[in-house]
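Q: Each chain, letter by letter, is given below.
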Amino acid sequence: MTDTNQTSDCGCKKSNTIKDASAQPVSRRNLLLKLGAGLNAIAAALIGVPLLGYVVSSFTKESPNSWISLGPLEHFPEGETRLAVYRNPVSKPWDGDTAEVPCWVRRVDAGTFQVFAINCTHLGCPVRWFQQSRLFMCPCHGGAFYEDGSHASGPPPRGLFQYQHQIESGELKVLGGHLPTLAEPLREDA
Amino acid sequence: MLRSIALWLDERLHIKKLFESTAGHKVPPSTNSWFYVFGSGTLLCFVLQILTGTLLAFVYVPSTSQAWTSLQYLNNEQFLGWFLRAVHNWGSIFMVGIMSAHLVQTFLFGAYKYPRELTWVSGCLLFFCTLGMAFTGQILRFDQDAYWGLGIGASVMGRVPFIGAQLVHLMLAGSTIAGETLSRFFTLHVFVVPGLIIALLSLHLRLVLTKGINEYPKPGSLVRKESYVAEYEELVEKTGVPFVPNVIGKDLIFSGFLIIAIVTCALVFGPQGPSGPPDPTLIHTAPKPDFYFLPIYAILALLPAYMETFLLLVAPVIGIAILVLLPFYSGTGEKSYRRRPMAVIVVLLAFLTAGLLAYLGTYAPWSPHMEAWTDASTPAAYVKGRTPLQLQGAILIQNKQCRNCHSLGGDGGLRGPALDTVATRLTRDQLIRQVIQGSGNMPAYGKNLRPAEVTALVSFMQTLRPSYEPAAMDSTQPAIGR
Chain B
1 MTDTNQTSDC GCKKSNTIKD ASAQPVSRRN LLLKLGAGLN AIAAALIGVP
51 LLGYVVSSFT KESPNSWISL GPLEHFPEGE TRLAVYRNPV SKPWDGDTAE
101 VPCWVRRVDA GTFQVFAINC THLGCPVRWF QQSRLFMCPC HGGAFYEDGS
151 HASGPPPRGL FQYQHQIESG ELKVLGGHLP TLAEPLREDA
Chain R
1 MLRSIALWLD ERLHIKKLFE STAGHKVPPS TNSWFYVFGS GTLLCFVLQI
51 LTGTLLAFVY VPSTSQAWTS LQYLNNEQFL GWFLRAVHNW GSIFMVGIMS
101 AHLVQTFLFG AYKYPRELTW VSGCLLFFCT LGMAFTGQIL RFDQDAYWGL
151 GIGASVMGRV PFIGAQLVHL MLAGSTIAGE TLSRFFTLHV FVVPGLIIAL
201 LSLHLRLVLT KGINEYPKPG SLVRKESYVA EYEELVEKTG VPFVPNVIGK
251 DLIFSGFLII AIVTCALVFG PQGPSGPPDP TLIHTAPKPD FYFLPIYAIL
301 ALLPAYMETF LLLVAPVIGI AILVLLPFYS GTGEKSYRRR PMAVIVVLLA
351 FLTAGLLAYL GTYAPWSPHM EAWTDASTPA AYVKGRTPLQ LQGAILIQNK
401 QCRNCHSLGG DGGLRGPALD TVATRLTRDQ LIRQVIQGSG NMPAYGKNLR
451 PAEVTALVSF MQTLRPSYEP AAMDSTQPAI GR
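Heads up: the sequence lines are chains B and R, in that order.
If you read the first sequence in the numbering used here, its first letter stands for residue 1, the second for the next number, and so on.
If you read the second sequence in the numbering used here, its first letter stands for residue 1, the second for the next number, and so on.
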């Protein structure tokens, strides 16, 4: 390139000056470009960081579990397994029906309870209790669980998820607030 | 007068130049083929989806408490709301279908080879985005299937090691399926994914213009990196015809029939759903995905448990990589499917597999029939002339929900084997063992049946064989008085 510049017939002075100008370490244009880029990097961070924080907040938050009443103990006769429903403790006004969470309560004897999540441990479908054969069956892929929640047959990798529970002033309470999955089972399972 | 206005406008807007470099660009005449209409067909479906989707959003309420009601309103109250929902639904089905045809055609015609690698990659990404639209759209039809479908999605995410819990929270926008979940899927379906599609589509179309459309491949004419571009340019230079008006005719006819087909399906079959309200306490439901995802639904049921997590999480990554990276390991050489038997076999196998799995998914033989124990009748011949003990067994087989998984006379679940001829397969001892201990997919009933009940049940099952077939015998115990 240099050769062409020097041998060009239009007067070499001109091309040399241009070349010299661009070779200078900091030209006015160069400085402005760098300043502009730097300023915009700061501006992008000012917007980007809060945006990112807004988005990731939904999965960095701890599950907000709290104690919820399933009703008085009399609702659960001894030796039986009944469906109970509680309202999600972190529900929002527009949650509608989805805030109502069902679970299975098994009362073994006067003071012994088991509370199972409705979700099959295979893929989360709602399991149904069959009193006669004393089994929980899943309608999706045919998983079955015994009355104590342990795995009986089919594809589920483990027994039913169990809620941590306690009896307080004549009421059965469970610790709930998140959808149980294999990655995040319920407290009782841990 | 008109001509002078047109010339004035063209001088300012450079319409002629724009036309010559886009719609009027020159293509090889061999591309004037019925095999080359699927791309424009997919684009048309996308435009139709944007149009109907935008109009549906005028009425639809993306709120967990009201989405279902607003869908009912669209179906029953809003003037022609049902029609728009039906067109949007059938538009999505046709879009996935035509897009698959486009994918198969470009694969079989070697269109992904040098120098059109990025056209293929962007097309694959468009395909995944479209499937993403199908999945998120299914969630926006916020009914029972959508609710439990989200539960299934969360359960799959929950199997990812280390970051499973975070992924579940990211997908559900919180710790449960609730208000923010639907908002998240609405945002994805209406803003994020369509935006991505438009961006990718621009790239895809730009590449079609810059790298040219693939000529109809001739068997034996190989792609070489050194010479292909020059050969193609020469072909277009010498024989090329403008896409508009010379080649677009077939696209127009196909597009016309496509719209007619979508509208006909919409008119005949109407909108899909919503099914029951998304109330989690209504647990008497068996969620099922829309038909595009039936193969995945089926494979989840049919995989052995030990390889399930691996295949759920790793196989899709490998599959997507094989598809997307295709031009980078098979970028030159033969294009014509006539000389690429493996390519044809791969396509046939893929269709057979997906088709078979989808077919199985439609009647889900692995799902128990949850009402069969009270619904399914017992064939009269099976109870005629039986002893009281055997009859007691016949009642137990209903009461203990055996029929949910086992059929009699073709009625009942298909999860376990039909019991009509069970006595020809299993001896008395084997029947007792099977009932008490279970195995594989059958729970052990030992805990839940009294010995007398097992005796009655087995004595009934021993009668379940045709008169012309002998009962099963224990080969180690020769039939002494049996």
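In case anyone wonders, no lab produced these hints; they're calculated from the structure.
No experiment lies behind these values; they were computed from the predicted model shown.
Be careful, since some hints might not be right.
Distance condition first, Cα-Cα at most 30 Å in a straight line; then the derived DSBU-like pairs of lysine-lysine [unchecked claim]:
1. R:Lys211 - B:Lys173
2. R:Lys218 - R:Lys238
3. R:Lys16 - R:Lys26
4. R:Lys250 - R:Lys211
5. R:Lys17 - R:Lys250
6. R:Lys211 - B:Lys92
Q: Please name the hints from earlier in the document that this structure breaks, with their numbers sorted from lowest to highest.
A: 1 and 6
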